[in-house]
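Colleague: Same order as they appear, the protein sequences are chains A and B. Going by the numbering used here, 43 is the number at position 43 of the first sequence; the sequence numbering is gapless. Going by the numbering used here, 120 is the number at position 120 of the second sequence; the sequence numbering is gapless.
Treat each hint with caution, since some may be false.
Between beta-carbon pairs, the in silico distance windows are [stated by the list, open to error]:
hint : chain 1 : residue 1 : chain 2 : residue 2 : range
1    : B       : Ala21     : A       : Asp47     : 34 to 42 Å
2    : A       : His44     : B       : Asp18     : 25 to 33 Å
3    : B       : Glu96     : A       : Lys19     : 46 to 54 Å
4    : B       : Asp188    : A       : Thr2      : 25 to 33 Å
5    : A       : Glu70     : B       : Ala178    : 21 to 29 Å
No lab work stands behind these hints, which were simulated from the structure alone. Quick caveat: nothing in here was measured; it's all calculated off a predicted structure. Backbone N, C-alpha and C fix where the C-beta goes; we use that ideal spot for every residue, glycine too.
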Amino acid sequence: MTVKITLVKKVMADGSPCKKCADVLQRLEKSGYIQHIDHIVEAHENDSTSEGMQLAQTLQVDKAPFFIVEQADGQQVVYTVYFKLVQEVLKHLQ
Amino acid sequence: MTKPLNTLQLQLEYSERDPEAILELAFNTFDNIAISFSGAEDVVLIELATRVTDNISVFTLDTGRLHPETYRFIDQVREHYGIEIETLSPDYAELEPFVKAKGLFSFYQDGHQECCGIRKVAPLRRKLSQLDAWITGQRKDQSPDTRAHIPVIEQDLFFGSQEKPLYKFNPLAHWHSAKVWETIHEYDVPFNELHHKGFVSIGCEPCTRPVLPNQHERAGRWWWETATQKECGLHASNQSK
Ligand code: SF4
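Could you build the full structure based on these sequences and the hints that come with them?
Modeller: See the structure below:
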């Protein structure tokens with residue numbers, strides 16, 4: 001299964017990472033699943049033009065972090081719950 | 001047979017540890033273990049468990065008398081985490097004669113024990129007989145009378161036996177309600193919409209009502225009974241203490 005996974009993480013107005021995003025990144029590293037994340041994009045809280053904020057707006061997502069999983073056929077699925085991403089996608093990747 | 005655990009030693013070691021460490025101990029020690037989900041705010045247990053294991057097994061008791069909001073919430077949790085939630089129903093062979101003989105609201109006269117026995121305790125006993133350990137969201141701050149001494153790990157002698165030991169983990173025992181809600185908000189954990197309507201401790205619809213500000217949360221459960229009777233037998237060890 002060829003998929004492309006983008007992680008959108010939030011950066012707070014003061015420049016610090018959001019706690020939940022940092023937590024999820026740590027879990028990705030610890031499990032080794034980080035190798036399946038193709039792209040990490042930042043959503044700056046005080047910059048609506050940042051790439052992550054634009055993606056959030058386009059995809060109508062109001063939670064961070066979130067993941068965009070793009071299938072080989074171009075279909076996109078958004079995950080806002082890390083555990084669900086693990087269960088439905090990451091676990092099945094080689 | 002499960003290898004006996006030294007629960008006293010573990011309780012000493014883990015009594016001050018955070019819930020994730022206790023969950024890690026639970027999942028590393030037992031494969032045949034499940035989370036008991038009440039449909040209230042102990043959904044944080046599921047959230048915390050997702051951080052330490054990929055193999056989550058969750059069950060809930062469908063008494064048939066839950067609020068519609070609770071049923072919707074159970075499904076929302078299933079969808080949110082992409083997990084199965086096993087819903088346990090009462091045995092109709094027990095339930096039907098009971099309702100036929102006593103009607104649907106006998107608990108207001110007779111006390112809740114009989115109805116809870118059929119709708120909750122018996123299905124729970126059936127489920128627990130298949131497990132080596134279970135995880136609950138019980139907290140000490142929930143009931144001053146009956147939950148003040150909850151350990152983070154204990155041998156469950158009510159539902160288990162010496163021959164077939166059953167262990168119970170209570171990772172949130174030391175958490176206060178405020179900490180639970182902090183986690184719910186910080187991690188966008190779904191919660192039962194009844195909390196917006198003044199409900200704190202949520203159980204069956206006929207036996208739960210909202211509490212007033214500064215009233216204790218258990219005051220909304222089985223309000224026609226005295227405080228020391230306000231347990232449904234799911235955590236029977238609480239009652240003997
Ligand atoms: S809480 Fe009330 S309705 Fe629910 S099982 Fe107990 S007595 Fe019956």
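Colleague: List in ascending order the numbers of the hints, as given earlier, that are violated by the structure.
Modeller: 5
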